[in-house]
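First to last, the protein sequences are chains U and X.
For the record, in the first sequence the residue sitting at position 11 is 11 according to my numbering, with numbers rising by one throughout.
For the record, in the second sequence the residue sitting at position 1 is 1 according to my numbering, with numbers rising by one throughout.
If you're looking for bench data, these hints aren't it; they were derived computationally from the structure.
The beta-carbon is built from N, C-alpha and C at its ideal position, and this holds for glycine as well.
Among the hints, erroneous ones may be present.
A short list of chain U residues far from chain X (calculated; beta carbon distances all over 10 Å) [claimed, not checked]:
hint: 1; residue: Ala-3
hint: 2; residue: Ala-39
hint: 3; residue: Met-143
hint: 4; residue: Thr-147
hint: 5; residue: Thr-168
hint: 6; residue: Asp-247
hint: 7; residue: Gln-274
Derived contacts from chain X toward chain U, CB cut-off under 7 Å, selection only [what the hints assert, rightly or not]:
hint: 8; residue: Ile-4
hint: 9; residue: Leu-48
hint: 10; residue: Thr-52
hint: 11; residue: Val-109
hint: 12; residue: Ala-110
hint: 13; residue: Leu-113
hint: 14; residue: Val-115
hint: 15; residue: Ser-139
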Amino acid sequence: MTATATTRARQQQQSAEQRQALLAQQRQRSRARRIVLAAIGTVLAVVATLVVVGATTGGSSAPVARPNKVPPVVLTGLTSISDATLASIGRGTSVNPPRAISGEPRMLDGKPQVLYLGAEYCPFCAVQRWPLIQALSRFGHFMGLQTTRSAADDVHPNTATFTFHGATYMSDYIAFTARELYTNERVGGSYRPLDKARPEEAALLQHYGGSFPLLDLGGRFVQVGASYDANLLRGLEWEQIAGALGDSKSPLAQSIDGSANVLTAAICTLTGQQPAAVCDTPAVRAASRG
Amino acid sequence: MADIPGWAPRLTLPLSIAGLGLSTYLTWEHYATGTTLSCPDTGVVNCLKVTTSEQSMVFGVPVALLGAIFFAVMTAICLPQVWAARAGWLPWVRLGGAVAGIGMVLYLVAVELLVVRAICLWCTAVHVVTFGLFLAVLSAFLQPNDRKVA
Numbered sequence: 001m002t003a004t005a006t007t008r009a010r011q012q013q014q015s016a017e018q019r020q021a022l023l024a025q026q027r028q029r030s031r032a033r034r035i036v037l038a039a040i041g042t043v044l045a046v047v048a049t050l051v052v053v054g055a056t057t058g059g060s061s062a063p064v065a066r067p068n069k070v071p072p073v074v075l076t077g078l079t080s081i082s083d084a085t086l087a088s089i090g091r092g093t094s095v096n097p098p099r100a101i102s103g104e105p106r107m108l109d110g111k112p113q114v115l116y117l118g119a120e121y122c123p124f125c126a127v128q129r130w131p132l133i134q135a136l137s138r139f140g141h142f143m144g145l146q147t148t149r150s151a152a153d154d155v156h157p158n159t160a161t162f163t164f165h166g167a168t169y170m171s172d173y174i175a176f177t178a179r180e181l182y183t184n185e186r187v188g189g190s191y192r193p194l195d196k197a198r199p200e201e202a203a204l205l206q207h208y209g210g211s212f213p214l215l216d217l218g219g220r221f222v223q224v225g226a227s228y229d230a231n232l233l234r235g236l237e238w239e240q241i242a243g244a245l246g247d248s249k250s251p252l253a254q255s256i257d258g259s260a261n262v263l264t265a266a267i268c269t270l271t272g273q274q275p276a277a278v279c280d281t282p283a284v285r286a287a288s289r290g
Numbered sequence: 001m002a003d004i005p006g007w008a009p010r011l012t013l014p015l016s017i018a019g020l021g022l023s024t025y026l027t028w029e030h031y032a033t034g035t036t037l038s039c040p041d042t043g044v045v046n047c048l049k050v051t052t053s054e055q056s057m058v059f060g061v062p063v064a065l066l067g068a069i070f071f072a073v074m075t076a077i078c079l080p081q082v083w084a085a086r087a088g089w090l091p092w093v094r095l096g097g098a099v100a101g102i103g104m105v106l107y108l109v110a111v112e113l114l115v116v117r118a119i120c121l122w123c124t125a126v127h128v129v130t131f132g133l134f135l136a137v138l139s140a141f142l143q144p145n146d147r148k149v150a
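Chain X with its partners taken away, still in its complex shape:
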């Protein structure tokens, strides 16, 4: 069994599952534009304005759906069994995913603040989860061997 930080799966798996749940909800909300708001709409805070904006789609695919796919993949590669796997490329894939995730978050925050000019609380929750996941994966990647458990 490969050396892994003991806390890594315990931290990254719940974060990935939380992100998956939030992204799935946002994907649903992206298509439910007709009748209700699901978060307070006070002008700046306006989920629907964000999730139905032009920028909520990338090449015709809702960003929320891309987020759900991202978190589904992260959930898979953050399972304890996968953390324990010996494949040397896995930590790099995990780190690459986390970096791509935080990069996308920064892009989306820029879009919210500078283009759409509204904040989606649910999206912010996803961003926080992604940030946490990024830090956890990065920390695990850099963890010295003496702190790792079999």
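Only chain U is shown next, with the shape it has when bound in the complex:
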């Protein structure tokens, strides 16, 4: 009887110790859970506070460049470069060429369509309009182009460029559609909307990552981003940029003329190498060779 009582007492003691240990572990676990939850709550509260403060204080209103008529000297400098200069440049220092894609050819009014999706605030659109206008001007001509600048509060701020908004383009060989989806005027956290993309154009933009500029050449080539270093345009005005394009040794000519040659070569594949005066030239042949 005594032994049984001792055993029972020992068991009860062990049981009590186990309960104590279990309780201690539960307390420890509960404490750990409270600390982790407190950490989550603290981090989320800080982030939420930052979001609210950021949204309510707003940014400084940077000066906005308004569209202006393009000075004739700029348009001439951009589009009237000698064949010899273009031929000596070839691809120049251009990078990020249009890449071939498979799919339905993009046509408009019976002509291959060049589709540009960009925005006036976008610095890389500002960069890419220079060679694009030069290339397209070899196949037709623009009316109503205006100058503008990329956003003052983005990277590569205030880059001198043009806007396709309100401009028309005429060509016997290609159709050009441009959408400047936003102005360079900041409204809250974004920019003021401008042109509206059609649903299929918006889908195309999303398909290629949603970045501006997006250039679709007849559904056969696509280019996202710029094809030369945006830093080259830093601090330069339109006249300075256009004035440098006739000098084949200038880094600007190597970049902009070279990019225009590459774009021209891609467009020539859409037009069946027409017109020959554009496509059958040493500059385009050099750019095609890659």
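Using the hints, position chain X against chain U.
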């Protein structure tokens, strides 16, 4: 072998490797400022504006590079063998690293929202990974012994 929560290396190592990959990419993007954007640029969401801002450098070193170094260290100390090591200071180093990481994240979020006024999606991915790593390391640090495995 020291007691460690069984899930700790399985959770923290992939998070650290993911953070290392993202930070390495952002370091590359920090220097590739010339021609392309790698994430949608819709005004508020603008990776390049963040990764090339003045605040993207600390004492001349890109923040993204510091992030890559941070995640390289975290990857090393979150290896299963290191989790299993007996050194008593290791959990503290791991926790210190995780706390420093989340502190840096909060600072960088403040910079994005209040100074640069743009959000970098890739940076946000790094921030989420860092937050997850912080919670995992903290939970492992506080884990009661009965839940630990040899």
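Worksheet item: In terms of Cβ atoms, is chain X entirely out of 10 Å range of Asp-247(U)?
Response: 21 Å, holds
Worksheet item: Ala-39(U): least C-beta distance to chain X exceeds 10 Å?
Response: Per Cβ check, Ala-39(U) is inside 10 Å of chain X; nearest 6 Å; violated.
Discussion item. Please check whether Leu-113(X) passes as an interface residue: C-beta within 7 Å of a C-beta belonging to chain U.
Written reply: Holds: closest Cβ of chain U sits about 3 Å from Leu-113(X), inside 7 Å.
Item to complete: Could you let me know if the closest chain X CB is still more than 10 Å away from the CB of Met-143(U)?
Response: 29 Å, holds
Worksheet entry | Satisfaction of the Ala-110(X) interface hint, Cβ to chain U closer than 7 Å | 5 Å, holds
Worksheet item: Is the nearest Cβ of chain X still more than 10 Å from the Cβ of Gln-274(U)?
Response: Consistent with the label, Gln-274(U) stays out of reach of chain X, its closest Cβ about 30 Å off (over 10 Å).
Worksheet entry | Interface-negative label, Thr-147(U) against chain X, beta-carbon threshold 10 Å | 22 Å, holds
Practice prompt. Verify the interface restraint on Leu-48(X): the C-beta must sit less than 7 Å from at least one C-beta of chain U.
Written response: The hint holds - Leu-48(X) has a Cβ within 7 Å of chain U, the shortest such distance being about 5 Å.
Worksheet item: Against chain U, is Ser-139(X) within 7 Å by beta-carbon distance?
Response: 5 Å, holds
Item to complete: May I ask you to check that Ala-3(U) keeps its beta-carbon over 10 Å from the closest beta-carbon of chain X?
Response: Given a closest Cβ separation of 33 Å, the condition holds.
Item to complete: Examine each Cβ of chain X, and state whether all of them lie more than 10 Å from the Cβ of Thr-168(U).
Response: 27 Å, holds
Fill in: Val-115(X) as chain U interface residue, shortest Cβ-Cβ below 7 Å
Not OK, violated: Val-115(X) not within 7 Å of chain U, min 9 Å.
In summary, the structure is inconsistent with hints 2, 8 and 14 from the numbered list given earlier, while agreeing with the others.
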